[in-house]
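Asker: Protein sequence lines, in the order shown, are assigned to chains X and E.
Okay, so the first sequence: first residue is 1 according to this note's numbering, each after it adds one.
Okay, so the second sequence: first residue is 1 according to this note's numbering, each after it adds one.
Since the hints were made in silico from the structure, they are not lab data.
Hints are supplied without guarantee of correctness; some may be wrong.
Below are the EDC-like pairs computed for lysine to aspartate or glutamate, each with C-alpha atoms no more than 16 angstroms apart in a straight line [claimed, not checked]: (1) Lys183/X x Asp287/X; (2) Lys549/X x Glu341/E; (3) Lys50/X x Asp10/X; (4) Lys272/X x Asp283/X; (5) Lys83/E x Asp685/X; (6) Lys152/X x Glu690/E; (7) Lys386/X x Glu101/X; (8) Lys543/E x Glu341/X; (9) Lys154/E x Glu690/X; (10) Lys50/E x Asp102/E; (11) Lys40/X x Glu11/X; (12) Lys477/X x Asp495/X; (13) Lys154/X x Asp234/X; (14) Lys239/E x Asp685/X; (15) Lys219/X x Asp284/X; (16) Lys171/X x Glu346/E; (17) Lys239/X x Glu681/E; (18) Lys83/E x Glu690/X; (19) Lys549/X x Glu351/E; (20) Lys219/E x Asp287/E; (21) Lys14/X x Asp54/X; (22) Lys154/X x Glu690/E; (23) Lys92/X x Glu690/E; (24) Lys386/X x Asp102/X; (25) Lys664/E x Asp192/X; (26) Lys7/E x Asp582/E; (27) Lys529/X x Asp495/X; (28) Lys603/E x Glu602/X; (29) Lys664/X x Glu194/E.
As the structure is a computational prediction, the values presented were derived from the model and not from experiment.
Residues per chain, in single letters:
Number of protein chains: 2
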Amino acid sequence: MAEQKQKVTDEQLKQYLPDLPSGPLDIYRKQASFDWRRMKLAYDNLNTLKLKNDIWKFMESNPLFKHTEATRVLDDERHITTKRMYTYYNEKFLGFEKIIEDPQAFQAESEALFMFDSSFAVKVSLTFRMFSNAIQGNGQSHHYHLLEAAEKAKIGGCFALTEVSHGSNAKGMRTTATYLPEKRQFVMHSPDFEAAKFWVGSLGKCATHAIVYAMLVSKGKNHGLHTFVVPIRDPTTLKPYPGVIVGDIGEKIGLNGVDNGFVMFNNYHLPKEAALDKLGGVDDNGDYKTPFRDPSKRFGAALGILSGGRVHITAISTYYLQKAIVIAIRYSAVRKQFGPENAAEETPVLEYQQQQIRLFPYLAAVYAMKIFSVWLSTVHINMTIKNLSGSSDNSAAALGMELHALSSAVKPLFGWTSRDGIQNCREACGGHGYLKASAIGDLRNDNDANCTYEGENSLLLQQTSNWLLNVWARRDKLSPEDSPLGSLNFLQDADALLKEKCPWTTTEEFMEPKNLIHTYKWLTAYMLKSTAETVHKLRSQGKDNFTAKNESQALQAVTLSVVYGENYVLNHFYKTALEQEDVNCRQALLNLVSLYGAFLLEKHLGTLYIGGYLWGAAGAGLRAALLAGCARLRGDALALVDSLAPPDFCLKSILGAADGQAYKHIQSSVMTYPGAMSRPEWWRDVVYWESYAPSKL
Amino acid sequence: MAEQKQKVTDEQLKQYLPDLPSGPLDIYRKQASFDWRRMKLAYDNLNTLKLKNDIWKFMESNPLFKHTEATRVLDDERHITTKRMYTYYNEKFLGFEKIIEDPQAFQAESEALFMFDSSFAVKVSLTFRMFSNAIQGNGQSHHYHLLEAAEKAKIGGCFALTEVSHGSNAKGMRTTATYLPEKRQFVMHSPDFEAAKFWVGSLGKCATHAIVYAMLVSKGKNHGLHTFVVPIRDPTTLKPYPGVIVGDIGEKIGLNGVDNGFVMFNNYHLPKEAALDKLGGVDDNGDYKTPFRDPSKRFGAALGILSGGRVHITAISTYYLQKAIVIAIRYSAVRKQFGPENAAEETPVLEYQQQQIRLFPYLAAVYAMKIFSVWLSTVHINMTIKNLSGSSDNSAAALGMELHALSSAVKPLFGWTSRDGIQNCREACGGHGYLKASAIGDLRNDNDANCTYEGENSLLLQQTSNWLLNVWARRDKLSPEDSPLGSLNFLQDADALLKEKCPWTTTEEFMEPKNLIHTYKWLTAYMLKSTAETVHKLRSQGKDNFTAKNESQALQAVTLSVVYGENYVLNHFYKTALEQEDVNCRQALLNLVSLYGAFLLEKHLGTLYIGGYLWGAAGAGLRAALLAGCARLRGDALALVDSLAPPDFCLKSILGAADGQAYKHIQSSVMTYPGAMSRPEWWRDVVYWESYAPSKL
Ligand SMILES: Cc1cc2nc3c(=O)[nH]c(=O)nc-3n(C[C@H](O)[C@H](O)[C@H](O)COP(=O)(O)OP(=O)(O)OC[C@H]3O[C@@H](n4cnc5c(N)ncnc54)[C@H](O)[C@@H]3O)c2cc1C
Ligand SMILES: Cc1cc2nc3c(=O)[nH]c(=O)nc-3n(C[C@H](O)[C@H](O)[C@H](O)COP(=O)(O)OP(=O)(O)OC[C@H]3O[C@@H](n4cnc5c(N)ncnc54)[C@H](O)[C@@H]3O)c2cc1C
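Put together the whole structure using the sequences plus the hints.
Answerer: Quick look at the structure:
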């Protein structure tokens with residue numbers, strides 16, 4: 001890939017990235033210090049650019065993918081999302097072989113889909129990926145006919161782990177699958193509504209099969225959670241089978257194109273082959289067999305299949321913020337309000353310091369996130385391919401562990417960064433940002449789910465901190481093999497490091513990426529050390545492990561995991577920036593690294609002081625660096641979002657179109673909204689209100 | 001009122017606050033250290049309790065106010081909101097006289113309405129209050145027939161200030177009203193769509209009249225922005241008048257029961273009487289007359305009428321967070337997940353430290369906000385009554401100024417606190433919090449508007465900081481009369497204060513309200529001083545006032561205003577807590593004061609260090625106080641939300657009902673959602689997808 005990057009010509013880039021329409025944004029575009037097309041190469045390549053372009057061209061030419069002003073009623077939203085899914089899938093833009101050729105393509109396809117519509121993208125991923133992944137990971141050769149049927153879209157899958165009363169605590173699930181050796185069958189049963197599978201995406205209306213997690217019971221013994229592939233609806237009629245009570249869970253805060261559903265099993269009989277028992281299960285007699293010696297390992301491996309979801313969410317959060325920041329910055333460049341006294345024209349709000357500090361740190365963040373999530377996805381795919389092909393070696397376990405810890409930190413970090421960034425974008429657009437047609441509200445509502453599914457954010461962070469605390473205990477014995485991704489580098493010379501005091505005080509010093517990165521190293525090591533000390537103190541007070549862990553979460557373990565994630569992302573961003581061939585892009589990215597670093601660190605000022613790294617008024621220097629970093633970005637901001645922006649028909653925002661004609665788009669949107677200009681049908685209930693509320697006056 | 005409070009008996013309280021249903025929440029309810037009914041008296045009295053009870057009883061008995069599971073399409077949502085408005089208004093629960101008798105009743109009515117539905121409450125307030133207030137404030141006796149017509153609901157008003165391209169900068173408005181002396185008429189005109197009045201609540205479908213802000217032009221001279229009362233639609237047919245192009249602006253992120261609209265005037269002729277010219281206007285000849293010597297004062301006075309809106313929003317933000325925190329804490333008490341090894345039952349998530357720190361500081365905040373906003377509303381109403389009755393004296397100007405500065409700080413502060421608190425509530429409810437029926441999403445979407453309307457938050461804060469900077473310049477000459485509300489008390493002995501260093505280090509010291517309040521005094525004075533210094537420095541570098549102000553906003557002036565607001569709210573909370581008769585309520589409130597103070601201060605740790613107040617590891621003591629304050633609240637949390645909770649039919653949340661039966665409510669909601677259990681109409685598009693997307697396989 002690196003080689004290919006060097007050879008990319010302007011003509012090639014232009015092929016997939018056409019000129020942007022000239023207009024009121026030109027004045028900012030001209031100020032950019034770099035070429036917005038070339039900037040794409042920080043996280044894209046010609047192959048991914050082409051793929052996205054092909055997908056978008058297809059969508060744009062298809063009437064099913066046309067935008068309508070008014071929100072559809074729930075059922076219509078599900079309907080069109082489903083039709084879009086099949087229509088898109090049918091085109092087979094990205095087969096397995098192409099992913100092997102260029103793993104980055106996986107993320108590019110996902111970006112193309114999410115940029116258009118998140119429900120649509122989620123449906124595609126649930127129906128055609130998650131189901132098959134689970135079978136590939138847990139199933140055996142006699143299950144492979146299901147893969148083929150799914151591949152041909154003759155059946156549709158879904159993934160049913162969560163129950164009404166148990167989500168995070170998977171071990172508490174109460175759905176049972178009891179083996180009957182005389183019939184070679186399992187009986188699947190939900191004891192009550194609280195044990196109903198719930199939240200299952202695509203189960204509400206469409207799925208014909210579900211991957212169900214249930215307690216495997218045989219010969220009176222509960223062997224823990226296992227996966228089963230369970231027929232739910234007849235693929236030829238979409239009618240549920242007897243013994244299955246299935247329904248839709250109704251409206252959600254967002255993602256309403258996805259039919260999340262619930263299902264209860266009423267002594268539902270399944271052939272023995274329903275068990276996806278590669279990692280463990282019963283033989284015909286009902287005796288339990290597993291290739292693992294330690295059964296808890298089996299559970300871990302079975303859940304490990306879920307890590308792909310977490311990796312994907314780091315990318316999904318990024319897409320949402322990416323769209324929001326494009327909208328807010330383009331609009332801020334054309335929205336003029338106030339200005340110096342006696343000025344001929346008002347000032348674009350992008351010029352105001354307060355507007356900049358609300359937006360620019362998130363612009364920097366989105367570049368960091370983009371670069372990181374593309375990379376993480378590639379790492380994950382390469383790992384999966386290795387595992388599937390059986391060519392994984394000893395180092396695979398360490399990599400799997402580190403990837404688990406890292407993604408468990410970064411998924412929450414990105415979900416929350418997008419949450420806060422999108423909200424800032426919303427507010428920064430003033431009143432018009434509150435129009436549904438600004439598109440920011442939906443981004444917020446859809447991203448919200450990222451903070452919860454695939455592991456509730458706060459709980460995921462426990463996974464990371466638990467791992468880090470274990471690492472800390474054996475830090476003297478660590479070798480590079482323990483950290484193939486290098487996320488533990490901050491532990492190098494930790495003891496000496498923690499004795500350091502910050503040598504920097506000036507704005508310039510705090511703008512230097514190297515210094516910020518060094519400070520982060522200190523911060524990460526300090527958070528780990530102090531969290532370990534807190535846990536230790538609580539234990540030595542006689543508290544049990546559960547209590548000690550619980551009482552060291554807030555402001556300690558949770559922050560530790562976040563800081564560990566931030567530290568890695570920042571380092572990775574810096575490294576990638578330095579690697580850029582193009583000198584202008586490199587410098588622009590380094591400015592973003594500086595701003596992102598100062599922005600992150602400023603949130604931890606208190607800790608830097610408490611831990612003794614900062615002293616006196618040095619923190620003021622860091623704050624000044626944050627402000628100066630924002631100011632420096634002013635001229636580049638527009639080109640930076642042009643580079644991130646999807647085509648207008650994907651962005652679907654009246655404020656963020658590439659032509660900068662926000663007011664014209666507001667007018668046209670408002671005027672075409674159904675019924676906007678007509679008297680309401682119910683006008684009589686205004687004029688003759690006394691007819692239904694008899695006057696007492 | 002104070003006297004009345006003393007006499008309140010348990011029987012009286014029970015009359016309006018019936019027993020809560022027994023169930024899984026009992027175990028927490030029993031732990032409370034105080035009586036949840038009596039706690040109401042911290043911000044309610046028997047009169048307000050009765051009023052709310054009467055209103056809710058009426059609603060509950062009326063089929064129009066019944067909840068439905070599925071979101072209505074936009075037009076239906078407007079329809080039912082409008083019918084509810086007239087039906088409610090017709091009951092005349094609260095006349096002007098009753099407000100004079102007990103100004104707190106105004107807020108109690110507003111609470112009763114917002115607790116049920118925010119669009120409905122906003123419609124009532126726009127149609128029946130804002131329009132009349134504007135006429136009362138700006139109009140003359142010949143306008144009073146409109147007040148009567150509005151009072152009888154024969155006409156419906158709205159308030160049209162914002163234009164498409166101008167909102168915050170009102171001086172930039174471009175709608176004109178040109179006087180024609182020969183006809184004694186004004187010609188109202190919108191030069192283009194960018195000058196269309198936009199966002200006007202209730203104008204989209206219903207309003208017959210609008211208060212329009214337009215540039216008054218006479219004899220070729222522009223006299224600036226003036227108000228006019230403008231007929232929009234025929235009250236007998238609801239058809240727009242010729243010359244008026246009026247429409248609906250379509251869907252918004254929230255508040256979709258309110259029909260926000262736009263209007264353009266096409267050389268629309270109005271009688272001279274359309275001018276609301278008490279504060280300034282033209283005579284029959286077109287010569288300009290105003291009782292103000294300084295015309296900028298007229299503009300200020302005309303805009304001053306808007307301050308009531310800001311005051312109201314401090315209350316509205318509080319209502320939203322109030323509902324959200326009730327939902328999240330009740331649900332956290334019944335949601336069990338994980339637990340100590342080998343425990344018989346799982347642990348309610350309310351017990352986890354990380355859950356507590358996400359919720360309890362906002363529980364404390366909501367009490368502070370509630371107490372403050374009730375008080376602020378009373379102050380504002382008393383001031384308005386004084387002004388209307390002409391009995392206002394010299395001190396009125398100072399009070400008006402301080403109220404403007406204070407409300408301009410607290411409106412953003414509360415809008416943002418609710419924003420962040422509601423989001424925490426959403427996430428703290430895990431997956432089920434993402435169900436629409438949890439009701440938290442709508443609270444977030446509705447509250448979002450509070451950050452923008454009645455003054456974009458960041459810009460409002462400029463009003464406050466500008467005032468404070470002026471005050472700082474003349475701080476040696478201040479007298480108590482400059483600050484009738486005492487918001488400038490932090491300036492007492494500021495110079496000595498700013499030399500102090502924090503004498504506290506232990507958890508207990510940082511939990512003591514007096515100490516937290518003293519620290520806040522330091523912080524407020526420090527922020528003012530350092531912001532003044534920054535502005536001064538920028539000016540001395542030769543920057544003009546506009547630039548110097550702009551470049552001292554982020555991390556300085558904006559924070560200053562927020563801190564000034566926080567300082568006042570915290571002090572007011574403390575004072576009110578100390579005043580409580582009931583010793584148990586008093587102690588519980590003091591615990592909340594402590595937690596609220598620690599929570600606020602912790603966010604400013606960096607500044608406390610940079611300014612030299614904190615040193616060494618003292619900040620760790622403050623953080624420990626925050627955690628200890630959360631832990632201390634555990635037993636009281638449920639009773640605290642019971643006291644805040646509206647009846648279930650208002651809360652409309654499957655997670656937050658008073659009986660604690662979250663899973664039963666989830667089941668019943670899911671099962672009654674229209675179509676939840678049926679096969680979709682479009683099932684053929686799943687089974688026969690190849691019919692519309694021909695297979696290429
Ligand atoms: C849009 C959406 C789609 C989904 N799709 C699917 C799907 O397709 N298939 C599927 O199986 N599931 C799905 N889910 C369910 C999802 O995976 C779970 O909701 C998620 O894992 C969170 O679990 P929970 O709901 O049990 O949260 P809970 O665990 O109930 O969380 C509630 C609160 O308790 C806190 N808490 C819980 N335990 C602890 C502890 N030990 N310490 C501290 N705090 C604690 C949490 O931090 C949180 O604040 C979906 C959910 C959503 C919102
Ligand atoms: C739900 C809703 C209902 C409404 N109802 C009504 C109504 O009934 N009648 C009515 O007349 N209006 C109404 N409005 C309009 C509302 O009052 C305005 O939207 C609001 O005042 C914000 O102004 P704006 O939209 O011009 O924001 P803008 O000023 O355009 O704000 C955009 C961004 O620019 C920034 N900015 C602007 N100037 C500066 C500066 N000098 N320095 C730093 N930053 C700056 C802002 O901080 C913001 O981040 C309503 C709005 C909403 C959302």
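Asker: In ascending order, which of the hints set out earlier in this document are inconsistent with the structure?
Answerer: none
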